[in-house]
Amino acid sequence: MSSVASDTKDRPAEPQHGPSFLWRNRFQIAIIGMLVVLYAVFLIGDWRTYTSFDIYRSFMISIPFFGIMALAATYVVTLGEIDLSFPSIYGLAGWAFSAVYVASGSFPVAFVVCILVGVVGGLVNGLLVTKIGIPSIVATIGTMFLWRGLVNVLTQGQGIPIAQITDDPWHKLFVGQIPLGGPVVIPAQFIWFVAAALFFGVLFKRHRFGSHVLFVGDDEQSARMMGIHVDRVKIACFVILGVSAAFSSVFLLNQMLFFWATTGDGYLLTTLAAVFIGGTSVFGGKGTMIGTFVGVLIIASLEPGIISIGLSGFWTQFVYGLLITISVSIYALMLKRG
Amino acid sequence: MSETEPLLVLRNIRKSFGRVEVLKGIDLEIGKGEIVALVGDNGAGKSTLIKVITGVHKPSAGEIVFKGQPITLKNVQASRLLGIETVYQERALADQQELWRNIFAGRELTRFLGFLDVAAQKRETGRLMRSGMGLTSRAITVDSEVKGLSGGEKQSVAIGRALYFDADLIILDEPTMGLSLKETERVLAFVRSIREQGKSAIFIDHNIFHVHDTADRFVILDRGRVVGQFHRSELTHQQLVDMMIALHEAGQVA
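Read top to bottom, the protein sequences are chains A and B.
Note that my numbering has the first sequence beginning at 1, numbered continuously upward.
Note that my numbering has the second sequence beginning at 1, numbered continuously upward.
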C-alpha cells in the first residue's frame, strides 16, 4: 500500500487531474456507441426503411409503453434490488383505469384511481422488502402472481373495450399526434417519455433523493450511519416504479383501446434488459439514466430492425441475447479495471 | 458557556443489557480543545460508552450534560445536530460514489426543493481536501471515487467530513486500524489538528503509543468503571504500558 506522501512525490508534474470526462462517462459512451453501430447496420441493411420517418414514428408510439418503467426501474436496480411485479401492477392499474372509465365515463377519475393502484402496488413491495425483510426478488415474485391473479379473478379472463375514449379530450393529451409539418408527426406519448427521462435523470443525479439512492445501493450500512433513511428511500423507489407502471398502462390502453387480462405481461424482460444494457449495475450503487434511455431505444428498435434487414422474426430473441450478453460483459470488464 | 466549563460531562452513566451491566456508573468530563483517549481491554465498555454519547444506546441511568445543558439523545441524528460527530471504525463511506457525494451524504447542500447544489458540494469538498484532509495528490479530485483511495486516504475523508460539519466533539473509534505506518502518522496528525481547531475529541485506539503521542488525557476503563485518569505529563509511555499490563493481570490499577 502506498502512502499519500510518496504518491505526491512520485508524480509531481503529472498533468492528470483525477478521472477524465471520458473515463467517468465510459458506460454512457459505450452504450451510445452500441446504438450508433446498430443503426449503421440497419441503415446499410435497409436504407429505404431507415431513411423514412414512418419507422421512427412507430418507435415513438410503442417505446413509452415500457420505456418509462425502464427509467423508473433504474432506481430500484441501483438500490441493488429488483422488482418482478411491475408488469402485474401494470395489468391491475390498467384494469382499474378501464373499469373505472367505463363505469364513470370520466378520464381524470379513472386516471387517478389507476395511479393510486400503482402507489399501493409499489408500497406493498417496499414494505415487504423493508419492514418484513423479504429479499426483493422473492417478495416481488409473490406480488407478481398476486396482482396478476387478482386481475384474472376480477375480469374472469374477459377484456374491456374502451373505444369511446377517443372522443375524450384527455385522450389526445396522452396519445394525440402532433404534426410538425410534412410526414413528421410526433406521438404525444413520446413527449411524455422524453419528459419522464429528463425528470428521472435530474432526480437521479442532481437531487438529494438520487444521491441517497446511490448511497444506499452502494453501502446500506454506511448510509444508515450517515443518517439516511434507508427504508424510506427503498419504499420510495418501489412506489416510483409502481406509479410508472400504472402511468404507462394509460398510454397503452389509449393506444390499443382495449384492456386484456394479460395487459403488461410481455414487458418484464424487455424493461429489465433495457436497464442492464444501459449499464446500471445489478450490484447496486451505480446507475445511469442516459444509459437506460439509450437501452430503451436499442431494445425497441431491435425487432423491427432485424426483420427489415431481411432476417426472420425468429432471430429477435437470439440478437437480444447476444446484445445483452456482450454489453454486460463489457461493463463487467470496465468495472474490474476501474 | 464559560471558557472553563467542560464541553461534555457524564455523571454516573449506567447501561445494562438485560441482566448484564456493561457500564457501572461512569463519571467523565471532556474539556474544550481536549483530546481524551479511552483506554481499556476488550469488554471494558469503551464502545458502549461511545454509543451512549452518540445516541445509539440510551443509558439506563445517569446524566449527560453537553455545553452546560442536560441532554437526552434519541438517535444518531440528534447527537449530530448538537455537534457530536463520529468517525466510525467502518468509515461509513460508499465506495463507488464520488468524494463530493460522500462528504455530504445525508446532509446534502441543496438549492430549492431538495435539488443539489453540486457546484457548492464540489467546491467545499475541494477546499476540505486541501485544508482539512491534506489530500493534495493530483490523482485525487473531488470527482474521484472512494474505492481508488488507500486506507489512510479513506480515513482522511471520514475525518475531514466530521471536521467539516463544525462539530464541537469528534469521536474516533479505532481510526488507525488496518493502516500502514505512514498512514497512521497522518491520521494521528489529523487527530492533533482537531485540538488546534479548538475542538474536542474522544479517541479509542488499542495502540498505547498512538494514544500516548496524541491524547492530552487518558481515561482507563475496566469492566464498566473508570479506574484511572492521567494527564499526559503524569505518565511516560512505559508507565502507561506497565499500568495496562498490571490492570490486565491484577484487575486493578496499582
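Because the hints were derived from the structure by calculation, they are not lab data.
There could be a bad hint or two in this list.
[Unchecked claim] FRET-style restraints, in silico, Cβ to Cβ:
| no. | chain 1 | residue 1 | chain 2 | residue 2 | range |
| --- | --- | --- | --- | --- | --- |
| 1 | A | Q221 | B | A250 | 51 to 59 Å |
| 2 | A | N25 | B | A119 | 46 to 54 Å |
| 3 | B | K74 | A | S58 | 27 to 35 Å |
| 4 | B | D242 | A | F21 | 53 to 61 Å |
| 5 | B | E196 | A | G133 | 40 to 48 Å |
| 6 | B | S16 | A | I132 | 26 to 34 Å |
| 7 | A | L35 | B | E196 | 50 to 58 Å |
A quick note: this is a predicted structure, and the numbers were derived from the prediction, not measured.
Glycine included, every Cβ here is placed at the ideal spot set by N, Cα and C.
- E196/B and L35/A - C-beta distance against the hinted 50 to 58 Å: 55 Å, holds
- Message: 26 to 34 Å was suggested as the range; check whether the CB atoms of S16/B and I132/A agree with it.
- Response: 30 Å, holds
- Task: Starting from the range 40 to 48 Å, see whether the pair E196/B and G133/A falls in it by beta-carbon distance.
- Result: The hinted range 40 to 48 Å holds for E196/B and G133/A, with Cβ atoms some 46 Å apart.
- Message: Given the hint of 51 to 59 Å, is the C-beta distance from Q221/A to A250/B inside that range or not?
- Response: 39 Å, violated
- Check the following: the C-beta atoms of N25/A and A119/B are separated by a distance inside 46 to 54 Å. Given range 46 to 54 Å: violated, Cβ gap about 19 Å.
- Does the Cβ-Cβ separation between K74/B and S58/A fall within 27 to 35 Å? Given a distance of about 58 Å, which is not inside 27 to 35 Å, the answer is violated.
- Message: Taking 53 to 61 Å as the stated bounds, is the beta-carbon spacing between D242/B and F21/A within them?
- Response: At roughly 58 Å between Cβ atoms, F21/A and D242/B fall inside 53 to 61 Å, so the hint holds.
In this structure, the hints that do not hold are numbers 1, 2, 3, in rising order.
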